[in-house]
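Produce the complete structure using the sequences and hints provided.
Residue numbers (numbering that gives the first Met the number 0), protein chains in the order written: chain A, 0 to 491; chain H, 0 to 491.
Note that these hints are calculated values from the structure, not bench results. Among these hints, one or two may not hold up.
Since the list gives no way to pick one copy over another, a pair counts as held whenever it fits inside one copy or between any two copies.
Said to hold, decoys possible - Cross-link-like lysine to aspartate or glutamate pairs, in silico, DMTMM-like; alpha carbons within 20 Å at most: (1) Lys180 <-> Asp35; (2) Lys441 <-> Asp134; (3) Lys441 <-> Glu392; (4) Lys153 <-> Asp134; (5) Lys153 <-> Glu389; (6) Lys180 <-> Asp27; (7) Lys441 <-> Glu485.
Below, each chain spelled out in residue letters.
There are 2 protein chains.
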Amino acid sequence: MRAVLLTDLLSQALSEANPVPMQRQIYDVIRRAVLDHSLVAGQKLPSSRALAEELGVSRITVSLAYDRLIAENYLTASTGSGTFVAATTDLPLAGKSEASHARHTMALSQRGTMIGTLPGGLQQFHGAFVPGVPDASLFPFHLWRRLVSRHIGKGDLALAGYAADGGGLPALRQAVASYLKISRSVVCDPEQVIITAGTHQSIDLCARMLADPGDMAVIENPCHWAFPTVLAAAGMQIGAGVVDEGGLSLAASHVPRHARLVVTSPSHQYPTGVVMPLARRLELLQGARDHNLWVMEDDYDSEFRYDGTPLPSLQGLDSDARVIYVGTFSKAMFAGIRLGYLVVPAHLAQAFASASARIYRPGQLHIQAALADYIDEGHFAQHIRRMRVEYGERQQLLRTSLARALGDSITLSEARAGLHLFMRFNLPLDAAVLHARAVEEKLVLGVPRFIGARPDIDGRSVVLGFGGVPQDHIARGVNGLKRAVERTLGRR
Amino acid sequence: MRAVLLTDLLSQALSEANPVPMQRQIYDVIRRAVLDHSLVAGQKLPSSRALAEELGVSRITVSLAYDRLIAENYLTASTGSGTFVAATTDLPLAGKSEASHARHTMALSQRGTMIGTLPGGLQQFHGAFVPGVPDASLFPFHLWRRLVSRHIGKGDLALAGYAADGGGLPALRQAVASYLKISRSVVCDPEQVIITAGTHQSIDLCARMLADPGDMAVIENPCHWAFPTVLAAAGMQIGAGVVDEGGLSLAASHVPRHARLVVTSPSHQYPTGVVMPLARRLELLQGARDHNLWVMEDDYDSEFRYDGTPLPSLQGLDSDARVIYVGTFSKAMFAGIRLGYLVVPAHLAQAFASASARIYRPGQLHIQAALADYIDEGHFAQHIRRMRVEYGERQQLLRTSLARALGDSITLSEARAGLHLFMRFNLPLDAAVLHARAVEEKLVLGVPRFIGARPDIDGRSVVLGFGGVPQDHIARGVNGLKRAVERTLGRR
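Okay, here's the thing in structure tokens:
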């Protein structure tokens with residue numbers, strides 16, 4: 000390209016209507032021309048005065064563009080002799096066409112490809128019958144806003160930094176420990192509480208600290224998708240744990256020698272809704288001891304029981320420091336808060352906190368401080384009490400409506416607890432077809448995630464969330480569900 | 000234990016001064032006695048009336064405690080014959096002494112133990128000369144508070160949920176893409192921007208998606224601790240990349256066949272401060288092509304250059320979709336915000352977003368929405384402009400003060416950029432001793448992290464952060480540093 004062509008190129012590309020400053024436009028055109036070898040190494044450029052005249056812009060504009068290109072080594076300047084395309088630009092990189100891009104495109108790793116095949120969550124967070132979410136419309140955001148605002152500022156600049164202790168803000172760890180002691184019979188010091196960015200991070204931290212790649216995690220079948228997904232993404236193999244009418248039974252499950260971890264939700268098995276009785280809890284702990292397993296206790300919705308005080312946690316029954324308790328604020332507050340916690344055995348507390356600091360570098364202390372206040376000032380307990388009444392009514396209404404609409408053709412989970420019902424059909428029905436029919440009724444049904452064979456419920460069970468469904472929408476939703484069931488069965 | 004002993008146990012344990020309600024105190028004592036087998040399976044308990052009289056409490060208090068213990072299967076009740084310890088409690092779990100706990104304590108995995116040995120960060124985030132942090136005291140928190148408050152509420156309830164797209168809030172991805180295009184010559188669509196919870200999560204996501212366990216990452220030597228730590232915690236091997244006066248040289252580095260990824264900070268090498276010239280950038284991209292490597296470009300502090308416009312990114316020079324650009328808001332805003340981003344090649348964008356949704360389940364959309372506004376309304380650019388002036392003055396003052404105090408005995412990094420200087424001693428000196436002496440002067444010096452041998456600078460170089468040091472503290476800090484150096488050299 001001769002110099003006159005550069006001028007042509009610039010004349011065509013530059014535009015006064017373009018909001019990008021003229022100096023930057025000139026820079027961009029020349030830089031691109033150097034990189035795609037339209038301008039070749041050693042080539043002389045017009046003087047800034049000559050180019051400015053050609054383009055009808057001020058000389059300083061061209062000079063500044065040249066200066067930057069020289070500073071960045073695209074051009075070189077030699078006093079007295081002029082400005083040249085730098086010799087170092089003559090490298091084989093530049094000037095690939097779109098077609099050659101495709102040829103060179105690298106692919107994901109095997110791990111990255113595998114992660115794409117793992118179960119994921121729904122992308123809808125309200126309406127009938129999205130599972131796993133509370134009703135954000137009833138959350139006292141005006142109060143939350145005030146608490147968050149209280150801490151964003153220059154009063155305590157340490158809150159603008161990283162968490163000095165990877166376990167989280169001390170005030171929040173203290174508040175969680177006090178809450179758990181009273182409400183969940185969880186026995187712990189605040190140092191054993193590790194604040195995380197939600198249950199996914201909690202699972203990831205446990206997998207990395209307690210298991211090596213290739214170790215197996217025995218997970219309840221069916222389960223919440225987060226466990227197989229996050230554990231597999233951390234290199235663990237996944238085994239199916241047998242769930243019966245007493246919840247997880249280790250005795251009935253295949254536990255190979257490389258099993259290292261068992262995951263359970265004894266308070267309210269997800270998704271089947273079974274509450275594990277005391278005897279089974281003790282048996283599970285004994286089984287974990289026999290097989291030398293860590294126990295992850297997922298207590299995801301234990302705040303919500305509608306027929307009395309919740310059962311005490313497995314952690315509170317553990318006498319040899321093998322239970323890791325997993326809690327979240329996503330159910331008792333709102334999903335997007337993304338704060339959860341682990342309660343780890345005392346001898347692991349320091350290792351977990353410092354690993355969290357290393358691999359996650361936590362911060363967000365304004366939010367952690369607001370949450371500590373929210374608990375300490377009683378708002379947390381108050382909101383739970385209020386929502387317990389509301390969700391209890393929703394569950395009862397959903398039970399009644401479903402019984403009226405579907406009668407003997409279904410069996411519902413029994414526990415008066417949580418934010419969902421597990422509904423099993425007592426007649427042959429293709430759940431995949433039902434899901435499609437439900438979408439036509441503008442309904443979203445939860446899908447149980449299976450790890451191994453469960454012919455008794457696989458394909459004929461769905462999860463119905465009611466946390467995000469106001470009472471006056473429940474009857475309408477059940478009517479839609481009834482129509483979807485009838486059309487699935489070919490009765491209409 | 001006979002029944003009369005239970006009464007004794009209760010009499011001793013119960014206290015009206017205890018803020019825990021009496022009914023809960025009774026419950027706790029009996030529950031513990033069942034679990035430690037002080038009360039044995041089948042044993043009969045006194046009637047609620049008899050126990051209430053013995054204890055001097057109301058009968059309803061005892062009845063409620065019994066009811067809960069029965070509901071939770073610790074006790075059983077048989078109409079007419081009384082209340083008994085449940086048979087199911089007769090399992091070998093309970094009643095471990097503290098001593099036996101220790102015998103059964105399980106240990107961390109090999110991976111968990113390894114993580115504890117990886118480099119970590121400082122736990123101090125202000126003062127002379129903590130590296131890597133901006134000055135939070137100059138951040139407009141009043142404005143930030145207003146933007147965050149604007150979004151916490153019921154106006155847009157979707158912000159209270161999880162991120163529907165794992166890549167982050169669309170408005171924020173758009174804002175970042177626009178900013179990067181103008182400021183950093185980064186070529187991308189908003190879909191290629193993946194919002195993360197900071198650089199640690201950015202690195203973790205790249206390791207999982209682009210590398211398999213056992214693959215090697217070639218990392219600049221020295222480097223920021225986050226890279227070897229997070230990549231090793233994700234199963235990668237770490238190799239040392241040679242850093243010379245032009246920054247990373249792949250040609251001079253050992254790149255084995257299982258190398259899959261190279262990490263570089265071309266804009267302002269951390270910590271040495273070298274700015275990679277254009278020729279080396281092109282050579283690096285060619286080398287990456289020859290070795291079939293992904294390139295992670297860490298552009299951690301590129302907002303801060305004090306002698307003209309920043310160099311364009313490596314990503315903008317990349318013509319075959321192998322550069323992953325890593326950015327953060329922790330330097331340009333405040334450390335604890337914990338939001339960062341990746342710019343990934345277009346063909347990876349969907350896979351990265353959906354993997355993020357699966358393994359991290361991101362949320363915190365109130366903060367993401369506030370940040371989008373902060374950028375779109377021009378506050379981000381304005382704060383950077385203001386801080387660029389301030390940090391430029393701090394760096395100049397620190398350079399001048401150091402030259403005056405330590406003269407020819409030191410060499411400083413040359414780039415007018417960033418939030419730190421790299422200081423190398425031109426005489427034999429034990430940096431470990433210097434660090435201890437500096438602490439006595441209430442100074443914190445940054446420690447360069449080495450991956451392989453660097454006898455030219457290892458043990459005789461330190462990192463001096465000035466981002467968090469007001470100008471009127473710089474001279475005082477340098478005086479303290481001078482004393483520390485003199486005492487290290489034994490001159491005082």
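How the hints compare with the structure:
Proximity of lysine 180 and aspartate 35 under a CA criterion of 20 Å is satisfied inter-copy only: 19 Å between copies versus 66 Å inside one chain copy. In the homo-oligomer, the alpha carbons of lysine 441 and aspartate 134 lie at most 20 Å apart inside one protomer (18 Å), although the nearest pairing across protomers, at 50 Å, exceeds that limit. Taking the shortest Cα distances, lysine 441 and glutamate 392 never come within 20 Å of each other, neither inside one copy (23 Å) nor across copies (60 Å). For a Cα distance limit of 20 Å, the shortest separation of lysine 153 from aspartate 134 across copies, 11 Å, qualifies, whereas the shortest one inside one copy, 33 Å, does not.
Taking the closest pair of Cα atoms, lysine 153 and glutamate 389 come within 20 Å of each other only across two copies (19 Å); inside a single copy the shortest separation is 39 Å, beyond that limit. In this homomeric assembly, lysine 180 and aspartate 27 come within 20 Å of each other (Cα to Cα) only across copies, at 11 Å, whereas the closest approach inside a single copy is 63 Å. For the homomeric pair lysine 441 and glutamate 485, the shortest alpha-carbon distance inside one copy (16 Å) is at most 20 Å, but the shortest distance between copies (76 Å) is not.
Checked against the numbered hints given earlier, the structure breaks only hint 3 and satisfies all the rest.
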